[in-house]
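Colleague: Chain by chain, the residues run as shown.
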Amino acid sequence: MRKKLVLYLFLAAVLRYFLIISKFSRIIRNRVEISTPLNSFKRVQEGAYLYKHGINPYSGDLVHEVPTILLGLSWVLNNCECLLPFLFIALDLLTAFFLYEMTKMVLRSQLDQARKAKYAPDTEDIQLKTDDVEPLSHYVMMAYLFNPFSVASCVAQTTTVFSNFFLSLYFFFLAKKQITPCMLFLAIETMRSMYPVVLLAPAVLQFSENSLAKAIKVVNAFLALCGILSFLHYSMIGNWSFFDSTLGFIFHYRDLQPNIGVFWYFFTEMFEHFRTMFLVTFQMNATILYLVPLSIKLRKDPMMLATILLALIAIFRSYPCVGDIAFYLAFLPLWKKCWKFMAQNFIVFCFFLVTVLVMPTLWHLWIYAGSANANFYFGITLGFCTGQIFLVTDLLFAHVKREFCLKNGQKLFIDGKEAKIILE
Amino acid sequence: MGILTDASLNQRNHLGRNFLKHNRKICALFYLAGAVWFCCLGHSQFNHATYLSENALSPGLVYSEIKVESARIAQNYLDELNREREVYRSGIPYNWIMAKMQQIGLEVYTHNFTLHYPLGSGREFHGENIYGILRAPRIGSTEGIVFSAPYRPPESVHPDITASVPLLLAFAEFTRRKNYWAKDLIFLVTDREQLGMHAWLEAYYKGDLEDASALDAGNLKGRAGALQAALNLEIQDFDAEYLNVKIEGLNGQLPNLDMFNLIQRIAARELPVREPCGYKQTSPRKRAKNKNAVLENVKAMLSMLLSQANGVPTGNHGLFHRYRVEALTLEAVKKPKSDYQSRGAAVLPLLKVIEGVSRSLNNLLERFHQSYFFYILVSNDRFVSIGDFIPCLLLMAGPLFIKAFFLWLGLNVEDPEMEKCDEDEKQAESSQTELKPIVKKELDLQYSKVLRIFLIAHLIGFLASVMPENRGLNEVFATLGLSSNQFITGLAVVFSIVALLAPHIVELNYDGVELLHIVTLLELASVLVVVGLLNFALGFLLSIVIAPAAILVDRNHNASIKCLNRFYVILLHPLIVSYGVVLILTLNAFPELGLLAVAQRAIGATMDALTYSVVDSIIYGNWVYNAVTIAFLSNWMMLWRVVCYTKTEEGRPKLKTS
Numbered sequence: 013m014r015k016k017l018v019l020y021l022f023l024a025a026v027l028r029y030f031l032i033i034s035k036f037s038r039i040i041r042n043r044v045e046i047s048t049p050l051n052s053f054k055r056v057q058e059g060a061y062l063y064k065h066g067i068n069p070y071s072g073d074l075v076h077e078v079p080t081i082l083l084g085l086s087w088v089l090n091n092c093e094c095l096l097p098f099l100f101i102a103l104d105l106l107t108a109f110f111l112y113e114m115t116k117m118v119l120r121s122q123l124d125q126a127r128k129a130k131y132a133p134d135t136e137d138i139q140l141k142t143d144d145v146e147p148l149s150h151y152v153m154m155a156y157l158f159n160p161f162s163v164a165s166c167v168a169q170t171t172t173v174f175s176n177f178f179l180s181l182y183f184f185f186l187a188k189k190q191i192t193p194c195m196l197f198l199a200i201e202t203m204r205s206m207y208p209v210v211l212l213a214p215a216v217l218q219f220s221e222n223s224l225a226k227a228i229k230v231v232n233a234f235l236a237l238c239g240i241l242s243f244l245h246y247s248m249i250g251n252w253s254f255f256d257s258t259l260g261f262i263f264h265y266r267d268l269q270p271n272i273g274v275f276w277y278f279f280t281e282m283f284e285h286f287r288t289m290f291l292v293t294f295q296m297n298a299t300i301l302y303l304v305p306l307s308i309k310l311r312k313d314p315m316m317l318a319t320i321l322l323a324l325i326a327i328f329r330s331y332p333c334v335g336d337i338a339f340y341l342a343f344l345p346l347w348k349k350c351w352k353f354m355a356q357n358f359i360v361f362c363f364f365l366v367t368v369l370v371m372p373t374l375w376h377l378w379i380y381a382g383s384a385n386a387n388f389y390f391g392i393t394l395g396f397c398t399g400q401i402f403l404v405t406d407l408l409f410a411h412v413k414r415e416f417c418l419k420n421g422q423k424l425f426i427d428g429k430e431a432k433i434i435l436e
Numbered sequence: 276m277g278i279l280t281d282a283s284l285n286q287r288n289h290l291g292r293n294f295l296k297h298n299r300k301i302c303a304l305f306y307l308a309g310a311v312w313f314c315c316l317g318h319s320q321f322n323h324a325t326y327l328s329e330n331a332l333s334p335g336l337v338y339s340e341i342k343v344e345s346a347r348i349a350q351n352y353l354d355e356l357n358r359e360r361e362v363y364r365s366g367i368p369y370n371w372i373m374a375k376m377q378q379i380g381l382e383v384y385t386h387n388f389t390l391h392y393p394l395g396s397g398r399e400f401h402g403e404n405i406y407g408i409l410r411a412p413r414i415g416s417t418e419g420i421v422f423s424a425p426y427r428p429p430e431s432v433h434p435d436i437t438a439s440v441p442l443l444l445a446f447a448e449f450t451r452r453k454n455y456w457a458k459d460l461i462f463l464v465t466d467r468e469q470l471g472m473h474a475w476l477e478a479y480y481k482g483d484l485e486d487a488s489a490l491d492a493g494n495l496k497g498r499a500g501a502l503q504a505a506l507n508l509e510i511q512d513f514d515a516e517y518l519n520v521k522i523e524g525l526n527g528q529l530p531n532l533d534m535f536n537l538i539q540r541i542a543a544r545e546l547p548v549r550e551p552c553g554y555k556q557t558s559p560r561k562r563a564k565n566k567n568a569v570l571e572n573v574k575a576m577l578s579m580l581l582s583q584a585n586g587v588p589t590g591n592h593g594l595f596h597r598y599r600v601e602a603l604t605l606e607a608v609k610k611p612k613s614d615y616q617s618r619g620a621a622v623l624p625l626l627k628v629i630e631g632v633s634r635s636l637n638n639l640l641e642r643f644h645q646s647y648f649f650y651i652l653v654s655n656d657r658f659v660s661i662g663d664f665i666p667c668l669l670l671m672a673g674p675l676f677i678k679a680f681f682l683w684l685g686l687n688v689e690d691p692e693m694e695k696c697d698e699d700e701k702q703a704e705s706s707q708t709e710l711k712p713i714v715k716k717e718l719d720l721q722y723s724k725v726l727r728i729f730l731i732a733h734l735i736g737f738l739a740s741v742m743p744e745n746r747g748l749n750e751v752f753a754t755l756g757l758s759s760n761q762f763i764t765g766l767a768v769v770f771s772i773v774a775l776l777a778p779h780i781v782e783l784n785y786d787g788v789e790l791l792h793i794v795t796l797l798e799l800a801s802v803l804v805v806v807g808l809l810n811f812a813l814g815f816l817l818s819i820v821i822a823p824a825a826i827l828v829d830r831n832h833n834a835s836i837k838c839l840n841r842f843y844v845i846l847l848h849p850l851i852v853s854y855g856v857v858l859i860l861t862l863n864a865f866p867e868l869g870l871l872a873v874a875q876r877a878i879g880a881t882m883d884a885l886t887y888s889v890v891d892s893i894i895y896g897n898w899v900y901n902a903v904t905i906a907f908l909s910n911w912m913m914l915w916r917v918v919c920y921t922k923t924e925e926g927r928p929k930l931k932t933s
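Keeping their order, the protein sequence lines are chains U and Z.
Counting from 1 along the first sequence, just add 12 to a position and that's the residue number in the working numbering.
Counting from 1 along the second sequence, just add 275 to a position and that's the residue number in the working numbering.
Don't read these hints as lab results, they were simulated from the structure.
The calculated PhoX-like cross-link candidates involving lysine-lysine, where the alpha carbons are at most 25 Å apart (straight line), are: (1) LYS419(U) <-> LYS312(U); (2) LYS352(U) <-> LYS419(U); (3) LYS423(U) <-> LYS352(U); (4) LYS352(U) <-> LYS296(Z); (5) LYS312(U) <-> LYS188(U); (6) LYS128(U) <-> LYS423(U); (7) LYS481(Z) <-> LYS35(U); (8) LYS141(U) <-> LYS419(U); (9) LYS128(U) <-> LYS352(U); (10) LYS189(U) <-> LYS349(U); (11) LYS837(Z) <-> LYS724(Z); (12) LYS724(Z) <-> LYS16(U); (13) LYS352(U) <-> LYS309(U); (14) LYS724(Z) <-> LYS348(U); (15) LYS352(U) <-> LYS724(Z); (16) LYS141(U) <-> LYS189(U); (17) LYS423(U) <-> LYS130(U); (18) LYS15(U) <-> LYS724(Z).
Which chain Z residues stay away from chain U? Per the calculated CB distances, all over 10 Å, these: (19) PHE400; (20) GLU403; (21) ARG451; (22) TYR480; (23) ALA501; (24) LEU546; (25) ALA575; (26) VAL751; (27) LEU775; (28) ASP829; (29) PHE842; (30) SER853; (31) PRO866.
Positions of the beta carbon are idealized from the N, C-alpha and C atoms, including for glycine.
Chain U extracted, bound-state conformation:
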């Protein structure tokens, strides 16, 4: 199994490397689906150049990367530029590896729980078994390594690679139940892209063990680390302007460049008058709207909660890109035992396939041929979002159904007839 693992990692690295040196990398880098104003490599380059010449990179509206990453990348750019592709590839592989380890731990702890619980007799096929741990964690890793989305994201050298890396570390330590590093990586990622703050909820559920004092301790640790990180950034740059350029830029949605999300079209069309109201509404939708009900429903299963929240963030965030989607898609094999109850997987797959193919087509027709227009492109991105929401809803319901069936058996009989189970 180890051998196989290394082989996959090697194959993924080779694939990424050849794409980076091929002529496609320029095309991939410039696609709006992959590079957004927030994560594009070009902007990092600009920022590094500005910093090198003693100009505050955050004084304009160009750079939206936090100082640590920006300075780190600018150091690499100035000293050993040829190593840059390898840095991105290595981070991507590490992400996959941490996901692999994380899956193993999660599945083992689920197995422990399953041993304690008593399940209905005809549910063998949906119960987790010891033999499942290794293949499932392999699937998770492969789902990240060979997902075209994550490959494209890495080839375009977007800073989403860093995001995924930090998030994978967060998940790794979450599964390992180590509070401080877990909170550290969550704080880093929150300072970079704001939305991961909602992942505090699964962490609190995981670590608190139903005690309020522990929960407060977790939140305090998170806040303290955020404070320390801010101060670190401040000491690197010498002023607080980076706050507005990173978190402020994300919250206020200043760059209306089209992307695969739902923000750009609305904020282009809307009267300036209503902007604040809709901004708050949209940001609430992306963060706290689903947080409370989901946390209550899934309080016993913080991992599921984290998966769902991760997907919702990727769909509804202000500058979404395919790299985010690749990350939450990698979590699907983790829930393989729910797949039996996922009724829409084929339809969702078709949705993904068609929308992903049609998106660049309509972009070409809109931007280059001039015959289509923004409405066409927005229509198809909306379709893409709908497909993703289908997937998330389906996964959530499948999870609930599986829990129910594990307790009550897969076939229910009322008066000798098979009963129909309806969720309402």
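Got chain U; can you put chain Z on it based on the hints?
Modeller: Quick look at chain Z alone, frame taken from chain U:
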């Protein structure tokens, strides 16, 4: 939320079985619905009357100022040019054209270009365009309009359009005397048909086309800002019978509907009644009256789709569309018999049409952006917009998705008989555990093998797409003394044989073939949708031919129907489809020849068509050849693999090599 919340698995099984039973009927229903929808579009209830969206155009708002002396100038130019043509049998009389342009008072430039022919031994072709710019008196050269005329030397094989250049010059002479132009006017005479136009546009925009190696577009010494619109003239004679408007551009792109409407409005105003003007206009004497209107309309729509489908522009205008310049060609078709009395009768009306169009374009405040870019013309004053015709394509491609979905359901739904066994066992619960693995269908989907076939098929498709432009290969064949035509045909035949055999390298079982079938259908459907969005005509016509594959090909047939399926899939091979199309066209063109002679002639024509499509793809960026090889050839290989699968009686998979 029923669809998402229904938790009962067996309900789904039940529904799935019912769907499976009727899947072919459902697919056929969708297909027929698509066809019926398309036919309905011919009815006036389902199409719309054309109208002008762009108010700035306001056709016919100004009095026509062009007078009969301009017509006389045109006639004189024509006589002079005809004398020049006797001297220059194979080239352009540059000196004469340049002298006339200078006389009129235009800024005159020439533009040289070189084509390194991508196939064969790499011969070189040279050409030279001439153009003159009239600077707008009212604005600083920020926008421009192009009036162009292709020049054909007397030795050209194409219809004689000598009269275009004199008409262009006469119009230029008229515009020189007016001071109301708000856009620079470019008068362009192009050499070597579409190549000249392509080179000029490439040079004008310094395009970032990758095929820069094939065409050396050269430099332009004078420019005139952002081009807004272009009018291309193909005037066969000043004694014209009718005007034909050509709109189909590169890769099936069309000019904005406003541009077409503008021509229609102005032509209706300026031309005498006996000289009609319109899209695909035919001689007024030939046109039959009192026919079924819907049938005629559907025929007109189909003929437009047919000429759009190959992605080849019908005139020089088609190359402008790539640069977002709205352009079309006005073709004046000469009378079959010309008498001295009516000689030059059409000059003044033609000039008035051009004047009217230029005055309207002169008023434009912004680029064409209103009205429609995706439309099908039902007749000259009626059209169908994208919202109405795209459902046809979706209904045609839909069965492929639906079929794939049913196959997927079929994989996961347990057979009814097995279900019964399961229930019997339930009563005897103790023995259940030992028996279950035998009865339950074990799915073995062979993902990695299917992936391997998928990759092999696409690798071959990709090679078929890039091989023809491989320089080294071309050199080798050229030294062997083969023409580029034979080279391309040879490659096509080799790839066809490879396509027949290659998918059988990987052995598959029953479920694996089923998965491959699903993958094939999904890919085909998505490709059809994408192609249909880029070029509706191609996507729609292809789905008419291909979609029945979804209905017909099925694993549970008896042997004779399976044979029929294989025959049908063979017919779908891209090479055979293109031969079929060429054969039908040849039959129409030479109805007097015998079937055998036509079939022979069609083989040669198919070879030519193949070579042209390769050359078009390399020089002009026409993507039909690449789409067919990369997407459709690869997909055909997988479909072929699916229909070739036979199940022996014991249910053990057997490999069948075609």
